[in-house]
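Engineer: First to last, the sequence lines map onto chains S and W. Counting from 1, one number per residue, gives the positions in the first sequence under the working numbering. Counting from 110, one number per residue, gives the positions in the second sequence under the working numbering.
The set of hints was computed from the structure by calculation and includes no laboratory data.
Okay, the calculated beta carbon distance ranges per label pair:
hint: 1; chain 1: S; residue 1: Asn24; chain 2: W; residue 2: Ser168; range: 51 to 61 Å
hint: 2; chain 1: S; residue 1: Glu58; chain 2: W; residue 2: Ala247; range: 25 to 35 Å
hint: 3; chain 1: W; residue 1: Lys111; chain 2: S; residue 2: Lys80; range: 14 to 24 Å
hint: 4; chain 1: S; residue 1: Glu58; chain 2: W; residue 2: Lys219; range: 43 to 53 Å
hint: 5; chain 1: W; residue 1: Leu192; chain 2: S; residue 2: Leu81; range: 18 to 28 Å
hint: 6; chain 1: W; residue 1: Thr429; chain 2: S; residue 2: Leu81; range: 44 to 54 Å
hint: 7; chain 1: W; residue 1: Tyr200; chain 2: S; residue 2: Lys59; range: 30 to 40 Å
hint: 8; chain 1: W; residue 1: Tyr200; chain 2: S; residue 2: Leu81; range: 10 to 20 Å
hint: 9; chain 1: W; residue 1: Lys219; chain 2: S; residue 2: Gly61; range: 43 to 53 Å
The beta carbon of each residue, even a glycine, is placed where N, CA and C say it ideally should be.
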Amino acid sequence: MDKSTIICRCEEISLEEIEKVISNGARTFDDIKRLTRCGMGPCQSKICNCLVAAAINEKTGTPFHEIPLPRMRMPISPIKLDTLATNSTTFSSVKSVLDEVELEDGKVR
Amino acid sequence: MKAVETDVLIIGAGPAGLAAAFETASRGLDVTVIDESLSLGGQLIQQTQNLSSLPSDLSPMRGFELAAHLIKQIEEYDIRYLLGHRVIGFYQDGTIGITDEVDVFPVKTKKMIVATGAAENAVAFPKWTLPGVLTIGAAQTLINRDFVKPGNDAVIVGSSDFAMDVALQLSEVGVQVKGIVEKSTGVLSRNTEKVKQVNKIGIPIYVDSSIVEARGMGAVEEIVIKQEDRVFTEKADLVCIDGGRSPILDIFYQLGTSFGFQKELGGWVPQYNKDFQTDCKDVFLAGNAAGVSTQGALVLTGRLAGMNVCEALGAVSKETAAVEKKGLWKELEIVETKYNLDIWHARNRHVDNFTHPVLKDQFIS
Ligand SMILES: Cc1cc2nc3c(=O)[nH]c(=O)nc-3n(C[C@H](O)[C@H](O)[C@H](O)COP(=O)(O)OP(=O)(O)OC[C@H]3O[C@@H](n4cnc5c(N)ncnc54)[C@H](O)[C@@H]3O)c2cc1C
Ligand code: FES
Numbered sequence: 001m002d003k004s005t006i007i008c009r010c011e012e013i014s015l016e017e018i019e020k021v022i023s024n025g026a027r028t029f030d031d032i033k034r035l036t037r038c039g040m041g042p043c044q045s046k047i048c049n050c051l052v053a054a055a056i057n058e059k060t061g062t063p064f065h066e067i068p069l070p071r072m073r074m075p076i077s078p079i080k081l082d083t084l085a086t087n088s089t090t091f092s093s094v095k096s097v098l099d100e101v102e103l104e105d106g107k108v109r
Numbered sequence: 110m111k112a113v114e115t116d117v118l119i120i121g122a123g124p125a126g127l128a129a130a131f132e133t134a135s136r137g138l139d140v141t142v143i144d145e146s147l148s149l150g151g152q153l154i155q156q157t158q159n160l161s162s163l164p165s166d167l168s169p170m171r172g173f174e175l176a177a178h179l180i181k182q183i184e185e186y187d188i189r190y191l192l193g194h195r196v197i198g199f200y201q202d203g204t205i206g207i208t209d210e211v212d213v214f215p216v217k218t219k220k221m222i223v224a225t226g227a228a229e230n231a232v233a234f235p236k237w238t239l240p241g242v243l244t245i246g247a248a249q250t251l252i253n254r255d256f257v258k259p260g261n262d263a264v265i266v267g268s269s270d271f272a273m274d275v276a277l278q279l280s281e282v283g284v285q286v287k288g289i290v291e292k293s294t295g296v297l298s299r300n301t302e303k304v305k306q307v308n309k310i311g312i313p314i315y316v317d318s319s320i321v322e323a324r325g326m327g328a329v330e331e332i333v334i335k336q337e338d339r340v341f342t343e344k345a346d347l348v349c350i351d352g353g354r355s356p357i358l359d360i361f362y363q364l365g366t367s368f369g370f371q372k373e374l375g376g377w378v379p380q381y382n383k384d385f386q387t388d389c390k391d392v393f394l395a396g397n398a399a400g401v402s403t404q405g406a407l408v409l410t411g412r413l414a415g416m417n418v419c420e421a422l423g424a425v426s427k428e429t430a431a432v433e434k435k436g437l438w439k440e441l442e443i444v445e446t447k448y449n450l451d452i453w454h455a456r457n458r459h460v461d462n463f464t465h466p467v468l469k470d471q472f473i474s
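With the rest of the complex left out, here is chain S (with noise of 0.2 Å):
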């Protein structure tokens, strides 16, 4: 395939990209994400994932199976700030992303 097709389209990145990333020893798909923002766009990764599997697959010789999922954080889909911040008064919406991290003797996993 040509190296300039976009690959994640939401955040524009190409498959020369990608690839470049793989070959700096990225493997999964938060690996190629940390570095380049594959994924972080609008729609979360629903459309690139399959392609960017692909291109590991492709890429490196890992199996499907072997390639995990992207992880799939709150919230599920966009939602506005607005609503996240709810005047709800039986439910605290709003979380920190800190809320995510976890700590083992102080320091973070």
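Fit chain W with the ligands to the given chain S structure using the hints.
Structural biologist: Just chain W with the ligands, lined up with the frame of chain S:
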């Protein structure tokens, strides 16, 4: 909006979710159905083709007729519908975060049936992001649900049963289908009758072929196709991508279920046992989310998940449940083997793998 407490929360109101709603509500459980769309029926709404492999109690009918049937079946029960609502995530104490796009509010449930369906996979080629390139399902939605003609000259990329159905439906509304491009050496559709119809109306199917690129200024205007050594260009203002479908997994991922990989079921699938129960014991699943299959099978998996939830909540006796479940699995075998034996085998392998999943504890990364 106030907090909701319920016995059974069903996420997704497609064929699987509606079938599960009937099983649970008809046995007296308090059922809540949530769907982000404003109507019931999920993807069945735009399916105008005749469905042949349905469970034995249903006569052959079209997709939207099946939706109407499943909706009518639950009319008399007092089900709580949260339409136009989305699940946005889960909290540590098991509370489910729901939004109506104005507020976020909590739902607490004893059991949950996740029937969120499948999403279409992309196929990338240079300039596939041009306007006019759609998934085949989106094209079908536009013509059958929204009555919008998405283009005049179409090329379809992929040759599944679904592609054949939509090729015929596009032709019926006056879209000229210029060709179907398939990268494998043969047509993927197993429905020989449909393939014959496609041939009969003169739509060429190019096997062993691929898309070199799409071209156009601001929108797709033409598409370059490569078949063996031949490269040719078709004028097209509509390109429909049929890249197959994969289960929608975000809800399962957040819940922390395990996953297993089964190519025939659409790739990664939440791990579940014979009771359609995941390794989070209060979470059941059904429909395409449990492996991409045919509508008849989706309805049956919905019934199975519903029956198991009824048993878990004591709404049916163990003995009754055992008899019902045996019958439903038998029907599932009949419907699914008739549709595609590979899918039936993959489902069984997947269920057998329940005790040794491939992807586990992925949330801690
Ligand atoms: C556009 C399109 C057209 C299709 N046409 C055909 C066809 O012609 N032939 C064929 O064989 N198959 C077709 N399919 C496949 C189709 O997925 C199945 O036939 C069937 O509808 C799946 O049933 P289901 O109950 O598993 O999921 P669905 O019918 O998809 O129902 C799942 C429901 O869950 C809801 N949902 C998902 N996530 C959330 C959330 N976080 N919060 C709240 N609600 C949520 C969705 O809105 C949806 O209504 C099509 C798929 C698509 C995408
Ligand atoms: S296509 Fe990559 S995030 Fe949407």
